[in-house]
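Q: Mind docking chain W on chain X? Use the hints.
Chains X and W are the protein sequences, given in the same order.
Just so we're aligned, residue 901 is where the first sequence starts under my numbering, counting upward by one.
Just so we're aligned, residue 901 is where the second sequence starts under my numbering, counting upward by one.
I should point out that these hints are in silico values taken from the structure, not numbers from a laboratory.
The beta carbon of each residue, even a glycine, is placed where N, CA and C say it ideally should be.
One should not assume that every hint holds.
[Stated by the list, open to error] Reference listing, derived: stretches of chain W covered by chain X, where coverage requires no fewer than 3 residues with Cβ under 8 Å from a Cβ of chain X:
#: 1; region: 910-923
#: 2; region: 935-942
#: 3; region: 947-957
#: 4; region: 964-978
[As the list claims (entries may be wrong)] Here are the simulated SDA-like cross-link-like pairs (lysine to any residue), alpha carbons at most 20 Å apart as the crow flies:
#: 5; chain 1: X; residue 1: Lys-937; chain 2: W; residue 2: Val-982
#: 6; chain 1: W; residue 1: Lys-937; chain 2: X; residue 2: Phe-925
#: 7; chain 1: W; residue 1: Lys-953; chain 2: W; residue 2: Val-982
#: 8; chain 1: W; residue 1: Lys-958; chain 2: W; residue 2: Asn-948
#: 9; chain 1: X; residue 1: Lys-929; chain 2: X; residue 2: Gly-942
#: 10; chain 1: W; residue 1: Lys-957; chain 2: X; residue 2: Gln-936
#: 11; chain 1: X; residue 1: Lys-937; chain 2: W; residue 2: Asn-922
#: 12; chain 1: X; residue 1: Lys-919; chain 2: X; residue 2: Asn-963
#: 13; chain 1: X; residue 1: Lys-923; chain 2: X; residue 2: Phe-905
#: 14; chain 1: W; residue 1: Lys-937; chain 2: X; residue 2: Leu-951
#: 15; chain 1: X; residue 1: Lys-953; chain 2: W; residue 2: Asn-985
#: 16; chain 1: X; residue 1: Lys-957; chain 2: W; residue 2: Glu-980
#: 17; chain 1: W; residue 1: Lys-930; chain 2: X; residue 2: Lys-919
#: 18; chain 1: X; residue 1: Lys-919; chain 2: W; residue 2: Leu-983
#: 19; chain 1: W; residue 1: Lys-958; chain 2: X; residue 2: Leu-983
[Said to hold, decoys possible] Here's a subset of chain X near chain W, in silico, CB distances under 8 Å, partners left out:
#: 20; residue: Asn-906
#: 21; residue: Tyr-907
#: 22; residue: Val-921
#: 23; residue: Phe-925
#: 24; residue: Asp-955
#: 25; residue: Leu-956
#: 26; residue: Val-959
#: 27; residue: Glu-964
#: 28; residue: Val-967
#: 29; residue: Gly-979
#: 30; residue: Gly-984
#: 31; residue: Asn-985
Number of protein chains: 2
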Amino acid sequence: MGKNFNYNYAFLFYDVGEKRVNKVFKVCKKYLSHFQKSVFRGEITPANIILLKKDLKKVINENEDFVCIIKLMNDNVYGEEVLGNKQNNTGEDLII
Amino acid sequence: MGKNFNYNYAFLFYDVGEKRVNKVFKVCKKYLSHFQKSVFRGEITPANIILLKKDLKKVINENEDFVCIIKLMNDNVYGEEVLGNKQNNTGEDLII
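Same shape as in the complex, but just chain X:
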């Protein structure tokens, strides 16, 4: 699937053990913007995607955790529909 595109934008979502949520959150925050609960997104260079993955591998437990990065060419290739109250759900306040 589209392996030859030059991706410069990404969505990331994770499902990781509670003990590691904080660390994973911090790594993601370094490269992307927090979007919602366990979802990040933002502009990111292919080189930084590699660094992001490297940093994530240091903090996740590969047997128990799951992280998925959806890479897009830019933020013009998708459309977004939001239902409900976005403001209530940045989740930033839940992470210390």
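A: Frame of chain X; chain W shown alone:
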């Protein structure tokens, strides 16, 4: 952002109150494939995106819940990177 594209593929992620998770899950499952925890994805026609939103609006609490649909033209416009154990995390067994 790309409002004029013909979108035929979508990612959906939700953050909804525990009481409504089951209902939201069932609605999403009707239109998309369960991908991971609170994330669905799959081919979907523009007409069905409208129906999906209509069905979701019936079951969510718009003040407390949040659902985001990311629409893409097709599954060729994104690349995917997965870290960790995907098999452990379909989450289907968690929903009765």
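Q: Just pull the numbers of the violated hints for me, sorted ascending.
A: 7, 13, 14, 17, 20, 22, 23, 24, 26
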